[in-house]
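Taken in sequence, the protein lines are chains S and U. With the numbering used here as the guide, the letters of the first sequence map in order to residues 1 to 461. With the numbering used here as the guide, the letters of the second sequence map in order to residues 1001 to 1292.
By construction, these hints were calculated from the structure, which means they are not laboratory data. The structure displayed is predicted, hence computed values, not measured ones. It is possible that some hints are incorrect.
[Unchecked claim] Quick list of in silico lysine-lysine cross-link-like pairs, DSS-like style, CA-CA up to 25 Å:
1) S:Lys-206 x S:Lys-134
2) S:Lys-189 x U:Lys-1041
3) U:Lys-1041 x S:Lys-206
4) S:Lys-355 x U:Lys-1248
5) U:Lys-1248 x S:Lys-348
6) S:Lys-201 x U:Lys-1041
7) S:Lys-206 x U:Lys-1003
8) S:Lys-241 x U:Lys-1248
9) S:Lys-404 x U:Lys-1029
10) S:Lys-348 x U:Lys-1041
11) U:Lys-1041 x S:Lys-194
[To be verified] A short list of chain U residues far from chain S (calculated; beta carbon distances all over 12 Å):
12) Ile-1004
13) His-1039
14) Cys-1074
15) Glu-1091
16) Glu-1101
17) Glu-1151
18) Asp-1164
19) Ser-1167
20) Lys-1179
21) Asp-1198
22) Ile-1207
23) Leu-1214
24) Lys-1217
25) Phe-1219
26) Lys-1248
We put the CB at the ideal spot given by N, CA and C, even for glycine.
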Amino acid sequence: MRNKIPRVPVREQDPLVRAANFEEVSYGYNSQEAMLEASRCLNCKNPLCVPACPVSIRIPDFIREVEEGNFAKAAEIIAQDSSLPSVCGRVCPQESQCEGSCILGIKGEAVAIGKLERFTGDWSRENGVKFTDKAPLNGKKVAIVGSGPAGLACATDLAKIGYDVTIFEVLHEPGGVLQYGIPEFRLPKESVVKTEIENVKALGVKIETNVVVGRTVTIDSLMESEGFSAVFIGSGAGLPKFMNIPGENLNGVVSANEFLTRNNLMRAYDPSYDTPIYVGKRVAVVGGGNVAMDAARSALRLGAEVTIVYRRTEKELPARVEEVHHAKQEGIVFRMLTNPVEILGDEKGWVRGLKCIRMELGEPDDSGRRSPVPVPDSQFDIETDVVIMSLGTSPNPLIASTTKGLETNRWNCLVADENGQTSRKGVFAGGDAVTGAATVILAMGAGRKAAAAIDAYLKEI
Amino acid sequence: MYKILKKRDLNPVITLMEVEAPRMAASAKPGQFLIVRAHEKGERIPLTICDFDSSKGTVTIVTQVVGASSRQICHLNEGDSFTDFVGPLGEPSEFVHMSGEKLSGMRFLFIAGGLGTAPVYPQVKFLHSMGASVDVIIGAKSSSLLIFEEEMKAVCNNLYICTDDGSAGRKGLVTEVMKELLEADGLQKGNQHYKCYDHAVAIGPMIMMKFVTLAAKPFGIPLTVSLNTLMVDGTGMCGACRVTVGGKSRFACVEGPEFDAYQVDFEEAMRRQTMYRSIETEADHNCKIGLH
Ligand SMILES: Cc1cc2nc3c(=O)[nH]c(=O)nc-3n(C[C@H](O)[C@H](O)[C@H](O)COP(=O)(O)OP(=O)(O)OC[C@H]3O[C@@H](n4cnc5c(N)ncnc54)[C@H](O)[C@@H]3O)c2cc1C
Ligand SMILES: Cc1cc2nc3c(=O)[nH]c(=O)nc-3n(C[C@H](O)[C@H](O)[C@H](O)COP(=O)(O)OP(=O)(O)OC[C@H]3O[C@@H](n4cnc5c(N)ncnc54)[C@H](O)[C@@H]3O)c2cc1C
Ligand code: SF4
Ligand code: SF4
Ligand code: FES
Chain S
1 MRNKIPRVPV
11 REQDPLVRAA
21 NFEEVSYGYN
31 SQEAMLEASR
41 CLNCKNPLCV
51 PACPVSIRIP
61 DFIREVEEGN
71 FAKAAEIIAQ
81 DSSLPSVCGR
91 VCPQESQCEG
101 SCILGIKGEA
111 VAIGKLERFT
121 GDWSRENGVK
131 FTDKAPLNGK
141 KVAIVGSGPA
151 GLACATDLAK
161 IGYDVTIFEV
171 LHEPGGVLQY
181 GIPEFRLPKE
191 SVVKTEIENV
201 KALGVKIETN
211 VVVGRTVTID
221 SLMESEGFSA
231 VFIGSGAGLP
241 KFMNIPGENL
251 NGVVSANEFL
261 TRNNLMRAYD
271 PSYDTPIYVG
281 KRVAVVGGGN
291 VAMDAARSAL
301 RLGAEVTIVY
311 RRTEKELPAR
321 VEEVHHAKQE
331 GIVFRMLTNP
341 VEILGDEKGW
351 VRGLKCIRME
361 LGEPDDSGRR
371 SPVPVPDSQF
381 DIETDVVIMS
391 LGTSPNPLIA
401 STTKGLETNR
411 WNCLVADENG
421 QTSRKGVFAG
431 GDAVTGAATV
441 ILAMGAGRKA
451 AAAIDAYLKE
461 I
Chain U
1001 MYKILKKRDL
1011 NPVITLMEVE
1021 APRMAASAKP
1031 GQFLIVRAHE
1041 KGERIPLTIC
1051 DFDSSKGTVT
1061 IVTQVVGASS
1071 RQICHLNEGD
1081 SFTDFVGPLG
1091 EPSEFVHMSG
1101 EKLSGMRFLF
1111 IAGGLGTAPV
1121 YPQVKFLHSM
1131 GASVDVIIGA
1141 KSSSLLIFEE
1151 EMKAVCNNLY
1161 ICTDDGSAGR
1171 KGLVTEVMKE
1181 LLEADGLQKG
1191 NQHYKCYDHA
1201 VAIGPMIMMK
1211 FVTLAAKPFG
1221 IPLTVSLNTL
1231 MVDGTGMCGA
1241 CRVTVGGKSR
1251 FACVEGPEFD
1261 AYQVDFEEAM
1271 RRQTMYRSIE
1281 TEADHNCKIG
1291 LH
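Same shape as in the complex, but just chain S (with noise of 0.2 Å):
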C-alpha cells in the first residue's frame, strides 16, 4: 500500500521579501521531501502521466528511484529523455501536462512530478553527474538554428549518436527564452540555464553565438559552402504583436520582450551592468499569459505598484495557475475584463495613463470560447507611467525570406509535418518557429523527434 500522505508542500521565499529581490521563488525539495513525495506514487502499471508528458520521461521508473534514494539513477533515466531537466522540473506547465493526467489528481492531489524531476536534475547538477556517453563522430555535420529548447535539444539527440552539431545563435548568450525571456526568479541563469546547456556541449555540440542566419550565414549557404547535411531550425517565435492603438509609440510603452530581454538577458536589475530600464511608479501590463506575468513580477521587483489588465476574465488567464498564485502573493493588481483602448500621454510624450473600456463575456464563438465584448459607454483611465504590452508573439519572417522554398503559413509559421520535415529537403524545423509561442517541453519533443527524423533521412542518402 502507497503512502497516504498529502502531496509534500514546497518551500518558498517569503512573499514580501521574495518581491524586492530577484533570487529564486521556490527552493524545491530537499532529499528527504523529494523521497517522501515520492513514495506518493503508485508506479501505474499504465502510467497515466507519461503520456501526458510531451517527452515521454519514464515518470514511474524515475520516481521509484527518487523514492529510494537513487538519485544518479533517476538522472539518468530521465536523461534519456530530456536535456534540461532543472529547467523543465521548474517551468512546465505540469499542471495540464504530467500532473493533470496523474491518477492520483482524480481524488485527490497529482504526485509533484514536476518538483520531483527538477530535485533530480538539480541534485545531479550538484553532485557533478554528467552524462556524457556518446557515439564515435560519424563524420556528418548538421547546423541547428537557435539555441533555445528546440535546438538544444535536437543537437542533444544528434550528438549522441555520432554527428558533429554546430548551433547558430543571434544573440550572445545561448537559451532562447530560457536566457532572455523567463526571469531569474523562475528560472536561475547562472546556476540552471548555464550548467543544462554546459551539459550539451560537453557532447562535443559547437554553439556559435553572434551568426544571424538569414543575414550573416543563410541554410543555403551553410548547406552549400559549409558542408552540413541537414540544418534544424528552432528559431523561435520572438517577434512582439502590439495593440495599434493610439499612444503606442509614446515614450513608456514598451513589449514585454524589451523589457524581459533588458532584464534577463542584459541584467538591467543588476547595477554592475550597464543596460539601462524605465519602470517608473506604476506599470501596467496589458495580457494574461506566462509572459504578462513575468513582466509584471519582474516590474514590481523593481520597486513599481503593478497592474495587470486582461479583456477576460481569472478563468481565462492563460497564465500557469501557479504564476497567477505567485503574482497575487506577491501584491500584484488584477483588473479583469478590462481592455485599453487608448495610451495617454502627457504633454512631452511620456505614458500618464491608459485608457480601458470594461468588457463583459459574450456568446461562445466556434472555439466554444467565450469570447469579451465591449460594454458600451464604460470608458475610464488607469493612472501609470510604464505600459508593457504583452499580446502575445510570432515567428520572425527573416528565416523563411532568405531560404529558398521554405514554405510558411499565414502566421508565419514554418510549415512542418509531425517529424519536423519542412518543404526544403534536408531542412527540418520545430518549436516556437512551427507551433508558434508554444511551451519548452513542447520544443524540446519537436527537436527531438526531428533529430530522430534527421538521423533517418542521413543515413539513406
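Go by the hints and put chain U with the ligands onto chain S.
Only chain U with the ligands this time, still in chain S's reference frame:
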C-alpha cells in the same frame, strides 16, 4: 574573437576601427549595421558598417563618443577584442538590388551630417564602383570634426563641404548647399548642362535629417534617410526601435534602418531616442532603474 586590428582617432571624439569578423565581412552590404558589446556587462550598441573587406575578413566601424557605452568602445585599443560583434543587420540600401546597367546612368546626391559621413561612405563607394555619378555634401560643426574627406573625394564626383563656423569649406548648413544644388539641377548654364539627380540620401543626426527632409520636399526628389533609433536586439524581437513611417509602426532594425524620408514621423523618432536619457539624468547616475 572580433579582434581590433587597426585603430585610428579621426578626431578627439570619433574613432575608426577595423575589426576581425570574417563571416560579417563576407555578407555585409551598404546600408547595413551591426551590434557590438565592448565587454561582458556592456550594452548592445548599434553601429553602421562603414566599410568591409571580405578578402581580409574585416569590418570597419566609426564610433562617436556620446555616452558611457560609446566611450568604452572608443577606449579599446589595437589588439583588444570586442566581446560581441553581430551582423550584418537591417536591410541593405535599395540601390544594392539595382542592376549595374541601370545604376551607371544614375545620379545621386548624398547629404552627410557630422558622424553621418561614415555611413555615407560605403554607399558612395559602392555606387561609384557601379558607375553611378555621386555628389556629396558634408556638413560639420567645424573643420576639426570633419571626417572621411579624402576617402570621399576618391569615390565621388563633386564634394561640397560646409561648417557651422566656416573653418572649412563654406560657412553654413547642409540644407543651404543642398537647396542650391537642387535649384540649379536640370538647368542649362552657359554651355554646361546640369543633369537631374535621381535620388538623394541623407544620414546624420535625427534633427538634421528632419530639416533636410523639409528642405528637399518642394523639389520632389526621392529622399532616403537612415534612422538611428534606440535598439536592443536588432533582430525584430523587442520593438525598441519602432518608428512611425507612413502612419504605420515599423521596426527600424529589420525593416530599416533606411526609410522614405517623407513618410517618417521625425518628431516622434526624436522623442523616442530620449527615452533612457531622461531617466539617466533625472535619477542619480548610479540609479539605473528609475526608482526615485
Ligand atoms: C517570458 C516567457 C515566459 C515563458 N514561460 C514559460 C513557462 O513557464 N513554461 C513553458 O513551458 N513555456 C514558457 N514560455 C514559452 C517557452 O519559453 C517557449 O515556448 C520555448 O522557449 C520555445 O522554444 P524554441 O526553442 O522553439 O524557441 P526559443 O526559446 O524562442 O529560441 C529560439 C532561439 O533562436 C534564436 N534565433 C531566432 N532567429 C534566429 C536567426 N535568424 N539566426 C540565429 N538564431 C536565431 C533566438 O535568438 C533564440 O535564442 C515562456 C515564454 C516567454 C517569452
Ligand atoms: C542603425 C544605427 C546605426 C548607427 N551607427 C552609428 C555609427 O556608425 N557610429 C556611431 O557613433 N553611432 C551610431 N549609432 C548611434 C549609436 O548607437 C549611439 O550613439 C550609442 O548607442 C549611444 O550609446 P551611449 O551609451 O554611448 O550613449 P547613451 O548614454 O546611451 O546616450 C547618449 C545619447 O545617445 C542617444 N542614444 C542612446 N542609445 C542610442 C542608440 N542605440 N541609437 C541612437 N541613439 C542613442 C541617447 O538618446 C542620448 O541622446 C547608430 C545607431 C543606429 C540605430
Ligand atoms: S518534462 Fe514537463 S511534462 Fe514531462 S514529466 Fe517533466 S514536468 Fe512533466
Ligand atoms: S499516474 Fe501518478 S501515480 Fe501513476 S505513475 Fe504517474 S505519477 Fe505515479
Ligand atoms: S531593436 Fe529590437 S526589434 Fe528592433
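**Interface exclusion of Leu-1214 of chain U relative to chain S, criterion Cβ beyond 12 Å** = Its Cβ never comes within 12 Å of chain S, the nearest being 20 Å, so this holds.
**Message:** Checking one constraint from the list: CA of Lys-1041 of chain U to CA of Lys-194 of chain S, max 25 Å. Satisfied?
**Reply:** Measuring from Cα to Cα gives roughly 16 Å; hence the hint holds.
**Prompt:** CA of Lys-1041 of chain U to CA of Lys-206 of chain S, is that 25 Å or under?
**Reply:** holds, 23 Å
**Nearest-CB test (12 Å) between chain S and Glu-1101 of chain U** = holds, 25 Å
**Prompt:** Does the no-contact call for Phe-1219 of chain U survive, Cβ to all of chain S over 12 Å?
**Reply:** holds, 29 Å
**Beyond 12 Å from every chain S Cβ - status for Ser-1167 of chain U** = holds, 35 Å
**Prompt:** Given the proposed pairing of Lys-189 of chain S with Lys-1041 of chain U, does the C-alpha separation stay at or below 25 Å?
**Reply:** holds, 15 Å
**Nearest-CB test (12 Å) between chain S and Asp-1164 of chain U** = holds, 28 Å
**Request:** Evaluate the condition: distance from the CB of Lys-1217 of chain U to the nearest CB of chain S exceeds 12 Å.
**Result:** holds, 23 Å
**Request:** Verify that the Cβ of Asp-1198 of chain U lies farther than 12 Å from every Cβ atom of chain S, and report whether the claim holds or is violated.
**Result:** Nearest chain S Cβ is 28 Å from Asp-1198 of chain U, so the label holds.
**Prompt:** Within 25 Å, alpha carbon to alpha carbon, are Lys-348 of chain S and Lys-1041 of chain U?
**Reply:** This hinted pair is violated, its Cα atoms lying about 32 Å apart.
**Message:** Would the hint linking Lys-201 of chain S and Lys-1041 of chain U be met if the CA-CA limit is 25 Å?
**Reply:** Roughly 23 Å between the alpha carbons, so the hint for Lys-201 of chain S and Lys-1041 of chain U holds.
Violation of the numbered hints given earlier is confined to hints 10, 13, 15 and 26; the remaining hints are satisfied by the structure.
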